[in-house]
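S.K.: Take a look at the letters that make up each chain.
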Amino acid sequence: MIDFQEELKKFHPSLEVEDTEDAIKRLDNTDMTDIIKELLDQEKKSSMNLMSNS
Amino acid sequence: MNCPKCGVMLSEKNFCTACGEEVGVYKKVVKISNSYYNDGLEKARIRDLSGAIESLKRSLKYYKKNIMARNLLGLVYYEMGEVVEALSHWVVSVHYQQEKNIAEDYLKSIQSNPGRLDTINQTIRKFNQALIYCNQGSEDLAIIQLKKVLNMNNKMIQAYQLLGLIYISNGEYEQARKTLNRALKIDTTNTRTIRYLRETRQNRTEAVSGNGRREKIQRHGDKIISYQDGNEMIIQPMTYKESTGVGTLVNILIGLVIGLAVAWFLIFPARQDAMKSDYKDQNLSLSEELTSKEAEVSSMRDTVADLTAQVEGLQGQLAEYETDDGTVATYEALIQAANAHLAGDGTTVLAALNGINPEGLPEAAGALYQALKTEYGAKVIGELKKEATNLYKKRDYVNAVAKLKEVLALDANDVQSMYYLARSYQEDESLLAEPERTEQVKALLSKIIELEPNGQFASYAKINMPQ
Numbered sequence: 007m008i009d010f011q012e013e014l015k016k017f018h019p020s021l022e023v024e025d026t027e028d029a030i031k032r033l034d035n036t037d038m039t040d041i042i043k044e045l046l047d048q049e050k051k052s053s054m055n056l057m058s059n060s
Numbered sequence: 011m012n013c014p015k016c017g018v019m020l021s022e023k024n025f026c027t028a029c030g031e032e033v034g035v036y037k038k039v040v041k042i043s044n045s046y047y048n049d050g051l052e053k054a055r056i057r058d059l060s061g062a063i064e065s066l067k068r069s070l071k072y073y074k075k076n077i078m079a080r081n082l083l084g085l086v087y088y089e090m091g092e093v094v095e096a097l098s099h100w101v102v103s104v105h106y107q108q109e110k111n112i113a114e115d116y117l118k119s120i121q122s123n124p125g126r127l128d129t130i131n132q133t134i135r136k137f138n139q140a141l142i143y144c145n146q147g148s149e150d151l152a153i154i155q156l157k158k159v160l161n162m163n164n165k166m167i168q169a170y171q172l173l174g175l176i177y178i179s180n181g182e183y184e185q186a187r188k189t190l191n192r193a194l195k196i197d198t199t200n201t202r203t204i205r206y207l208r209e210t211r212q213n214r215t216e217a218v219s220g221n222g223r224r225e226k227i228q229r230h231g232d233k234i235i236s237y238q239d240g241n242e243m244i245i246q247p248m249t250y251k252e253s254t255g256v257g258t259l260v261n262i263l264i265g266l267v268i269g270l271a272v273a274w275f276l277i278f279p280a281r282q283d284a285m286k287s288d289y290k291d292q293n294l295s296l297s298e299e300l301t302s303k304e305a306e307v308s309s310m311r312d313t314v315a316d317l318t319a320q321v322e323g324l325q326g327q328l329a330e331y332e333t334d335d336g337t338v339a340t341y342e343a344l345i346q347a348a349n350a351h352l353a354g355d356g357t358t359v360l361a362a363l364n365g366i367n368p369e370g371l372p373e374a375a376g377a378l379y380q381a382l383k384t385e386y387g388a389k390v391i392g393e394l395k396k397e398a399t400n401l402y403k404k405r406d407y408v409n410a411v412a413k414l415k416e417v418l419a420l421d422a423n424d425v426q427s428m429y430y431l432a433r434s435y436q437e438d439e440s441l442l443a444e445p446e447r448t449e450q451v452k453a454l455l456s457k458i459i460e461l462e463p464n465g466q467f468a469s470y471a472k473i474n475m476p477q
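Chains as they are written, first to last, in this note's numbering: chain A, 7 to 60; chain B, 11 to 477.
These are computed hints drawn from the structure, not numbers from a lab.
These figures come from a predicted structure and were not determined experimentally.
Ideal Cβ placement from N, Cα and C applies to all residues, glycine included.
Honestly, I wouldn't trust all of these hints.
Stated by the list, open to error - Here are some chain B residues pointing at chain A (derived, C-beta under 8 Å):
no.: 1; residue: V35
no.: 2; residue: I77
no.: 3; residue: L127
no.: 4; residue: L141
no.: 5; residue: Y143
no.: 6; residue: Q146
no.: 7; residue: I204
no.: 8; residue: Y206
Said to hold, decoys possible - Over the 10 Å line for every Cβ pair with chain B, so calculated as not near, a few chain A residues:
no.: 9; residue: S20
no.: 10; residue: T36
no.: 11; residue: T39
no.: 12; residue: K51
no.: 13; residue: S53
no.: 14; residue: M54
no.: 15; residue: N55
no.: 16; residue: L56
no.: 17; residue: M57
no.: 18; residue: S60
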């Protein structure tokens, strides 16, 4: 049995066209390539540190 | 596929040939992203829009610059009535790839039509207002708003779902079912829509079969079913016929026929009258224009005739000057005569003077003409006549005719020469062939009679006149 009030909470106001800019800003644009790139950068930094220490 | 570091096109190698960046993992990630995009595309094709959104979002999670996936995601959102979401993804897509990006066309098509944008905004506001009404418990007002929303944008799934939910809450399961079915046609696998529909079906089944409150009373054949609800007898058709494709087509055809009939009996006659009136006005104005043009042409024709007459007159005047009788020719002949006089050629002097009409000559020219004529006229003509007469008398008609013609060329009215010439023609038949000979003779003798009717040569002419 559906609870009307509970279901109603699942509906959210739609964004207006003027809010498109905010919607774009809110988009999570981090992807796997960013993560890989970051990991590779970290890997490089740590190896550089190791080399400089030794 | 380009290198994420330097942007150079990648080869089949697992490293960038330009900057040496390790790209093996990157390539795999992009491939996975493409696989999700393909999955999303397949789902979108069968209208599994919710599934398509999931796949496309995953595709973008792997590779945010997958332009095709992002554009398709925008399209799917647009199809579901989520215009702002669609716009967001297209804007980001254009940000990542400015050239040869279809998202730019999508954005332009929306932005170039302010009316459409305004409608989209109004739809969203009305939906938000409906949501507020629902939260305030004003479901009737919410229903009105949502119906308006769906009139303006019949693909807004959220609006269908909210309307369906309100109908379920009000116990209007049939309405809820119809509304949710429409949402299901847009997105076939939307879990919320399916859940609401299941709820609707359950409740309808309970209502029809009776759940303790309602008692089925009787059944009339297969057509209707009646049951008692408290004190009320409810009669419900057994078979509710959902409007099918054929039914819709028939309804459209009926509508078309009615529309055509209305157009035929009401609109066409009015338009025909208006067109006739227009044609009449046009005809009248063209007739007026034609009349004025004809008048113009007539006046121009008159002008042309006047000008032609003037030209002819002027040409006549010019011809007069240019012909032998004209002033120019007269002066030329007089000058020629004067030159011949200086050269002592009397015959040429007389020949030139013979071509001049002395009337109308100015005084000095007239005096010159008379002086030359007097000096050479009698002398030259006399000599020629003497020679001609001698030749005639010697019966040398051929040479006599030549001399006589010379005399007549200098003095066209010399009757003696005319007579001898006519006689020469008569005496020597070889000079002229018949009937020309007789005609010439007649003409010469007639002229003699005409010039000197009482003279000696006239009487000779009469005697020798051919019959």
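S.K.: Out of the numbered hints, which ones does the structure contradict?
M.R.: 2, 5, 6, 7, 9, 10, 11
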